[in-house]
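Visitor: Each chain, written out:
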Amino acid sequence: MLLKDLRVEWRTREITTSMGLLTLLMVIILAAARSDPTFAPAAMWITYAFAAAVSLGRTFAPERDHLAALRLAPLDRGLIFASKALANWIVVTAVQVVSIPVFGALFTEAIWTRLPALVLPLMLGGAGLAAAGTLYGGLLAQARLREALLPILMLPVILPVLIAAVAATAAILDGQPVAAVRSHLQLLGTFDMLFATSSVFLFDALLDE
Amino acid sequence: MRLLLVLALILVLAGTILALVVAPTEAVQGVPQRIMYVHVPSVIAAYAALLLTALASAMFLWRRELGWDYLAHGAAELGVLFITMTLLSGSIWGRPVWGTWWTWDARLTTTLILWFIYVGYLVVRAWAPGERGARAAAVIGVVGVLDLPLIHWSAILLRTLHPQPTVFRPEGPAVPPSMLAPLAVNILAFLVLLAALLMLRVRQERVLGRLVEALEGAP
Numbered sequence: 061m062l063l064k065d066l067r068v069e070w071r072t073r074e075i076t077t078s079m080g081l082l083t084l085l086m087v088i089i090l091a092a093a094r095s096d097p098t099f100a101p102a103a104m105w106i107t108y109a110f111a112a113a114v115s116l117g118r119t120f121a122p123e124r125d126h127l128a129a130l131r132l133a134p135l136d137r138g139l140i141f142a143s144k145a146l147a148n149w150i151v152v153t154a155v156q157v158v159s160i161p162v163f164g165a166l167f168t169e170a171i172w173t174r175l176p177a178l179v180l181p182l183m184l185g186g187a188g189l190a191a192a193g194t195l196y197g198g199l200l201a202q203a204r205l206r207e208a209l210l211p212i213l214m215l216p217v218i219l220p221v222l223i224a225a226v227a228a229t230a231a232i233l234d235g236q237p238v239a240a241v242r243s244h245l246q247l248l249g250t251f252d253m254l255f256a257t258s259s260v261f262l263f264d265a266l267l268d269e
Numbered sequence: 098m099r100l101l102l103v104l105a106l107i108l109v110l111a112g113t114i115l116a117l118v119v120a121p122t123e124a125v126q127g128v129p130q131r132i133m134y135v136h137v138p139s140v141i142a143a144y145a146a147l148l149l150t151a152l153a154s155a156m157f158l159w160r161r162e163l164g165w166d167y168l169a170h171g172a173a174e175l176g177v178l179f180i181t182m183t184l185l186s187g188s189i190w191g192r193p194v195w196g197t198w199w200t201w202d203a204r205l206t207t208t209l210i211l212w213f214i215y216v217g218y219l220v221v222r223a224w225a226p227g228e229r230g231a232r233a234a235a236v237i238g239v240v241g242v243l244d245l246p247l248i249h250w251s252a253i254l255l256r257t258l259h260p261q262p263t264v265f266r267p268e269g270p271a272v273p274p275s276m277l278a279p280l281a282v283n284i285l286a287f288l289v290l291l292a293a294l295l296m297l298r299v300r301q302e303r304v305l306g307r308l309v310e311a312l313e314g315a316p
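Just so you know, the protein sequences line up as chains A and B, in that order.
Okay, so the first sequence: first residue is 61 according to the working numbering, each after it adds one.
Okay, so the second sequence: first residue is 98 according to the working numbering, each after it adds one.
You may find that some hints are simply not true.
[As the list claims (entries may be wrong)] Facing chain A, according to a computed beta carbon distance under 8 Å, are these residues of chain B, among others:
hint: 1; residue: F213
hint: 2; residue: V220
hint: 3; residue: R229
hint: 4; residue: V236
hint: 5; residue: V240
[As the list claims (entries may be wrong)] Every beta carbon over 12 Å from chain B, so not counted as near; a handful from chain A, in silico:
hint: 6; residue: L85
hint: 7; residue: A92
hint: 8; residue: L139
hint: 9; residue: L166
[Said to hold, decoys possible] Listed below are several chain B residues computed to face chain A (Cβ distance under 8 Å; list not exhaustive):
hint: 10; residue: I214
hint: 11; residue: G217
hint: 12; residue: G230
hint: 13; residue: R232
hint: 14; residue: I237
hint: 15; residue: V239
Keep in mind the hints are simulated off the structure, nothing from the lab.
Keep in mind it's a predicted model, so treat the numbers as computed, not measured.
Beta carbons are placed, not taken as given, at the ideal position from N, Cα and C, and that holds for glycine.
Kindly generate the complete structure, drawing on both the sequences and the hints.
Guide: So, in structure tokens, the structure goes:
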């Protein structure tokens, strides 16, 4: 499964590039609209959410025309979701890493100085975005629908991630310790686990023929 | 089924009369408070419909019998209808009573997000007809309901972050006994209406399914 994961990841150069560029553009546009440091948490997560919603639709692009082959593969279909979601999580994390210098430069250097504390919210939030994007991406591929529908399906459902992540990021940038945002991190963690588990089961039902 | 429709009609008429004429006028809010007799039944019917969508979706994913899909689809449509009514009636009620059309109260936020999730369900059904779309939509239906507690949890979090208007009581006053009977009748009316419309819709889908099958051969 690890091999498949790596193989899938290699192919995601396409997703990584488009998500990365879109992220950079959004940082710049949002900073131009309002460079107030208190806007930084919201700007960060709006950027990540929209970049993910627009780019993760490509997750199943290679398989789109050969879904039958995917169904016949000697793999538990839940594993297909898991490996794609994991690969997407890595992509989202990579994009977050690249965006941190730019956010820090355009909004507030606290993003750099508080980075160790920000790691947990960034990763847990990113995982939620990746999981949702992979599930709905697969759903759209299976139904032969346009990838452009991904934001419509994904964004309402990830509202908990956005609210919790923005609140946690804001508190940490404000100087509060990670312990202070435990309940936010709990929300993020619960979302990630719930989504990942149910997606593994639902993927099985989705791709079954 | 026709009986159910007639019953629904009678109950809605009775409920409306009770709400507008018979029920007492509330002391603090005045006449606008009567919107409660539409708003509360709407939200109850909406949640009933959406719960039904989720259950029928799960059954469809498990059993693959189209009957479950017809039920899920009809329930989702009616759910969106009743959520829309809930949001609009709540907003109209809020303006004179709270002084605002909207607020980020946990329940309002959750209901709004639910609207988007189930509109997404309908969009997928509309653009991917047939069994493939049915399966995709079923997943949306199930995930939507699973996400509900998390949405509500985060909405409560949001509420504590945002400043609230000072003259604000989203919970509203407790319902006095003289209003309970009209409210109960209206709730029953909406639920019977939901059932009647749902049956109508499911029958429509069934007939349509048979028609398509006859015209195109195997589905």
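Visitor: Confirm or reject: L166/A is not an interface residue toward chain B, with every Cβ-Cβ distance exceeding 12 Å.
Guide: The claim stands: L166/A keeps its Cβ more than 12 Å from every Cβ of chain B (closest is about 24 Å).
Visitor: Close enough to count: is the Cβ of I214/B nearer than 8 Å to one in chain A?
Guide: Holds: closest Cβ of chain A sits about 5 Å from I214/B, inside 8 Å.
Visitor: Under the criterion of a CB-CB separation shorter than 8 Å, is V240/B in contact with chain A as hinted?
Guide: Cβ of V240/B sits 7 Å from chain A, so the hint holds.
Visitor: Hint F213/B vs chain A: min CB-CB distance below 8 Å?
Guide: At about 4 Å, which falls below the 8 Å cut-off, the nearest Cβ of chain A leaves the hint on F213/B intact, so it holds.
Visitor: Determine whether the non-interface label on L85/A survives the test: each CB of chain B must be over 12 Å from its CB.
Guide: Holds, because the least Cβ-Cβ distance between L85/A and chain B comes to about 25 Å, which exceeds 12 Å.
Visitor: Next item in the hint list is V239/B. Is there a CB on chain A closer than 8 Å to its CB?
Guide: 7 Å, holds
Visitor: Does G230/B hold up as a contact with chain A if the rule is Cβ-Cβ below 8 Å?
Guide: Check passed: Cβ of G230/B comes within 5 Å of chain A, closer than 8 Å.
Visitor: Does the closest beta carbon of chain A sit nearer than 8 Å to the beta carbon of V236/B?
Guide: Holds: closest Cβ of chain A sits about 5 Å from V236/B, inside 8 Å.
Visitor: Taking 8 Å as the limit, does the beta-carbon of V220/B come near enough to a beta-carbon in chain A?
Guide: At about 6 Å, which falls below the 8 Å cut-off, the nearest Cβ of chain A leaves the hint on V220/B intact, so it holds.
Visitor: Taking 8 Å as the limit, does the beta-carbon of R229/B come near enough to a beta-carbon in chain A?
Guide: This hint holds: R229/B lies near chain A, its Cβ roughly 5 Å from the closest one there, short of 8 Å.
Visitor: Decide, holds or violated, for the assertion that all CB atoms of chain B are farther than 12 Å from the CB of A92/A.
Guide: 26 Å, holds
Visitor: Checking hints one by one. Is R232/B an interface residue toward chain A, by the C-beta closer than 8 Å rule?
Guide: 6 Å, holds
No hint from the list above goes unmet by this structure.
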